[in-house]
Amino acid sequence: MKFIKYLWSPLVAIALIYFFNKPLGSIPPLGKFFSPFHGFLQNTTQEEDLSEEIFLRGVSEPVKVVYDNNYVPHVFAANEDDLYFTQGYLVAKDRLWQMEFYTLVSSGRLTEVVGETAFEFDRYNRRLGMARAAEEIVENQKKDEKAWRILNAYSEGVNAYISQLNYKKLPVEYKILGYEPEEWTPLKTILMLMNMRQTLNGHSNDFRLTNVLARYGIDTVNDLFPDYPSVESPIIPSGTPWNFKPEEVKTPEVTLPPFQKELLSQYISPPDPGIGSNNWAISGSKSATGLPILANDPHLGLSLPSIWYQMQLSAPGVNVYGVALPGCPGIIIGFNKDIAWGVTNVGSDVMDFYQVKFKDNTRKEYWHDNQWKPTKTYIEEFRFKNGKVVQDTLIYTHHGPVVYNESKKDNYGKNIPAGHAMKWIAHYTAGSDLTTFLALNRARNYDDYRKALSVYSAPAQNFVFASNENDIAITVNGKLPLKWKNQGKFILDGTNPEHDWQGYIPFEQNPTVKNPSRGFVSSANQFSADPSYPYYLGWYFAPAYRGRRINDRLTRLTHANADSLRDIQNDNYSLMAGRLLPSLIPVLEKHATPDMLQSIRLLKEWNLENTATSVAASIFETWTGELHKWIWDDEFPEENNMMSPLNDRTARMITSEPDAKWFDNALTADTVETFDYIVLGSFKASLDSLTRRHGSMSEENWAWYKVKNTGINHLVPAFKSFSRSTVKNGGGSQIVNATTSHTGPSWRMVVELDKEWPRAYGLYPGGQSGRPSSKYYENMIDDWAEGRLNPLVFMKTKDEKINNHLKNVIINPKK
Amino acid sequence: MLYFSIIILGAIASLAGPWWSLPLVACLICALKAQTPKQAFGVSSLAAVTLWTGYSLILVFSGKENLVDKIGTLFAGDSAVIAGIPSLGLILAIVILVAGLTTGFAGLAGKHLRMMFS
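So the sequence lines, in the order shown, correspond to chains A and B. Per our numbering, the very first residue in the first sequence carries number 149; after that it's consecutive. Per our numbering, the very first residue in the second sequence carries number 6; after that it's consecutive.
Hints were generated in silico from the structure; no laboratory data involved. All C-beta atoms in this analysis are idealised placements derived from N, C-alpha and C, irrespective of residue type, glycine included. Do not rely on the hints blindly, as some may be mistaken.
In silico DSS-like pairs for lysine-lysine, Cα to Cα no more than 27 Å straight-line [what the hints assert, rightly or not]:
#  : chain 1 : residue 1 : chain 2 : residue 2
1  : A       : Lys316    : A       : Lys962
2  : A       : Lys923    : A       : Lys854
3  : B       : Lys38     : A       : Lys868
4  : B       : Lys38     : A       : Lys955
5  : A       : Lys533    : A       : Lys485
6  : A       : Lys923    : B       : Lys75
7  : A       : Lys533    : B       : Lys75
8  : B       : Lys75     : A       : Lys170
9  : A       : Lys876    : B       : Lys75
10 : B       : Lys75     : A       : Lys316
11 : A       : Lys153    : B       : Lys38
12 : A       : Lys662    : A       : Lys599
13 : A       : Lys854    : B       : Lys75
14 : A       : Lys317    : B       : Lys75
15 : B       : Lys69     : A       : Lys317
16 : A       : Lys294    : A       : Lys962
17 : A       : Lys903    : A       : Lys923
18 : A       : Lys868    : B       : Lys69
19 : B       : Lys43     : A       : Lys153
20 : A       : Lys868    : A       : Lys316
21 : A       : Lys923    : B       : Lys69
22 : A       : Lys962    : A       : Lys946
23 : A       : Lys317    : A       : Lys599
24 : A       : Lys316    : B       : Lys69
25 : A       : Lys170    : A       : Lys294
A few chain A residues that don't get close to chain B, going by computed Cβ distances all over 12 Å [as the list claims (entries may be wrong)]:
#  : residue
26 : Glu380
27 : Lys393
28 : Glu396
29 : Thr643
30 : Asp902
Pair by pair, the computed Cβ-Cβ distance ranges are [what the hints assert, rightly or not]:
#  : chain 1 : residue 1 : chain 2 : residue 2 : range
31 : A       : Lys876    : B       : Ala85     : 37 to 43 Å
32 : B       : Lys69     : A       : Ser873    : 20 to 26 Å
33 : B       : Ala98     : A       : Ser417    : 39 to 45 Å
34 : B       : Phe9      : A       : Thr265    : 54 to 60 Å
35 : A       : Lys153    : B       : Leu93     : 38 to 44 Å
36 : A       : Thr265    : B       : Ala98     : 27 to 33 Å
37 : B       : Leu93     : A       : Thr265    : 28 to 34 Å
38 : A       : Ile950    : B       : Phe9      : 47 to 53 Å
39 : A       : Glu786    : B       : Lys69     : 45 to 51 Å
40 : B       : Ile87     : A       : Ala808    : 54 to 60 Å
Generate coordinates for the entire structure from the input sequences, incorporating the hints supplied.
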């Protein structure tokens, strides 16, 4: 009796402790999380709080770290091992949660930390085979002694930080999601780089275009999906001689895919029009100083914490400033005393699909080169947060992985055809991308630049270069597959060996130009070269508007300084509006109803600048999206996995083919819709949609920044309070200032080369710290939105006095 | 006296141990010192609430950084009702609930265990 009387309370106490010690669904353990001694409130006490002297096992000599007042570390080490160790340690201190998160994404392990909701996304990423390719790259890196040492030094630095953590000190995201960091390894660094391959090279239109081919035939495809746009300003200027003898590429007799009777029913996402970049360099002939100036702004998905981390890395043999990717040693985009470099993405076609003929449902053998060949099978194991384990079987042919065996609604990659094997450059495991960046960090001249580029594979990038020897250059670089014309424009025949990739364009023959007569080099993801280039690279590149606008402005430029280039980075002029409106406005005027008059007037008076407050830009941008749908949705419906014609072809039809049959709505059998009807209808629909979403037309309601609604979201979208929304800036997807709702210039940099010491400016939309409560979490966003740049502090020596000094930290070896 | 010993020893234990060090300390002290079960529960609960809200408020107001609003908004999720509560209020409510309940019952458990064995 006594027993029952007194034992209930200990049981209740234990039950309560147990209950508050474990997560409740997506809610973190309340006890731990709200304890002021352990939980999130402890994260506010950490204030970038390195003391002035710390001791770490892992450095061999004292390392001096100078922080400037933008919280950028300038690291001065006595040797390279210490340098990259310290880089790993410092980046982890500010960005550990983020860097690990990226590796969980590319290795398809998010289910372990967020649970079953991530399963289809994980399954997709596993099936792309990125983790497997990353493991092979690590094996190859082991043979490269220098790169391997650096990778390991970096990992040890990250681990030195991880080993100092306990629950109290964990980044708050770990506390909310309820897990702990794992040991860092070189594999994780490569997985981080895999993410970039996926973001920049992991998209395809092959499947959707094959559906168009099946439905309309090759003539229509040739007409509506041409291999080169009607208006273009290619990266390598037309007329640049190709001083090499091209490799022979054999075209097979049958190049079109073997059709299935029915349209392929299931279909990797098409390229995101917001993902791209700008870079350029002007030669001394155009600058005030007589030496080159280089600019770069890579457009990526905007996120918090930011994708970039600014650093200066200095040791004997290297002194470089720029941005690093959290998780990856070295500087990816930056400059040193003598040179500067930057990158933009190359849109070449490096992901193809092969229709595979399996012998039977076991998929153990497939037909290729007139014989049955064995497939390879891998079992993927997924561990969910709740402990559940799920297995998935993945089949490889010699091409690559069969991403989906069956067409299912919940397949994550909607543009990937089931039963097709994927050939993808991201699976290329020779070469060393890391070595390229590490060599650029140390490069002193043009020859060093070329040598650094020669070992790079993917994602292919337009590497822009400038040196204080007055050289400028740009190289379309990476492993570019040798292809016959239009190889991989459609699905390929997996049984025919002639449809296999035939090798790669030799590095020396990748499109490149040095010191062109026009006095500048530039790229904005447009076509790498005009059709005179002897190799086929692909038919789909970013629309030419950004590239043309940049080239127009650079052509006119004289006596330029860094600010002139900063101004071009922020150019909001819409060439697209300039191209289309003269054909569209007369139609509106002819048929206008009274409620449209004010909008039409705004468009007519518009200076074609997509500024933050422009109402005309809101109308035009909404309208062109709507107009595209009105023209194409009937014949090329997205829901049937069809691709619609590109921006340039559509513009050509609007401006010079008003009688094209495509303007007629194919879904209305008894009426014939005209160009005028489509223009007017889509315009009215756009005004209606703007009114519905933003209220009645006013400067306030319809301001472009509100309609565009650029958001910089935390990597976990549900963490809305760690995100920024509706940033007040201008721009647009076809605008040099390329900001969309979720993408934009993720780093802006301008470097004035100099014989003595370069002057550089830059910033990114975020901040150095990954801690949401830090004052350095998002401190650069407002300046970024306004188009300003910060002067970058590039120190000559570790003892140099700098104006924007925050503090010094000495890292001593721990005995 | 009971009240202050729970706060002081609880704080020391919490600095070194896990979050449930506080209820554990309350349990032990109440086993030794509490007069009645009612007192064990009430004083433990009050001491825990004092300690956790006190230290929370010190961190909130002395810290240079504000995470309370962000976490409050996160916990409110899409619920308009909860979003209406000031973040600090919401967070203190959870702190009081967790600390008060667990430590209160742990204190009571201490007294009860003592009574069971005596």
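**Message:** Are any of the numbered hints broken by this structure? If so, which, sorted upward?
**Reply:** 3, 4, 5, 17, 23, 25, 31 and 34
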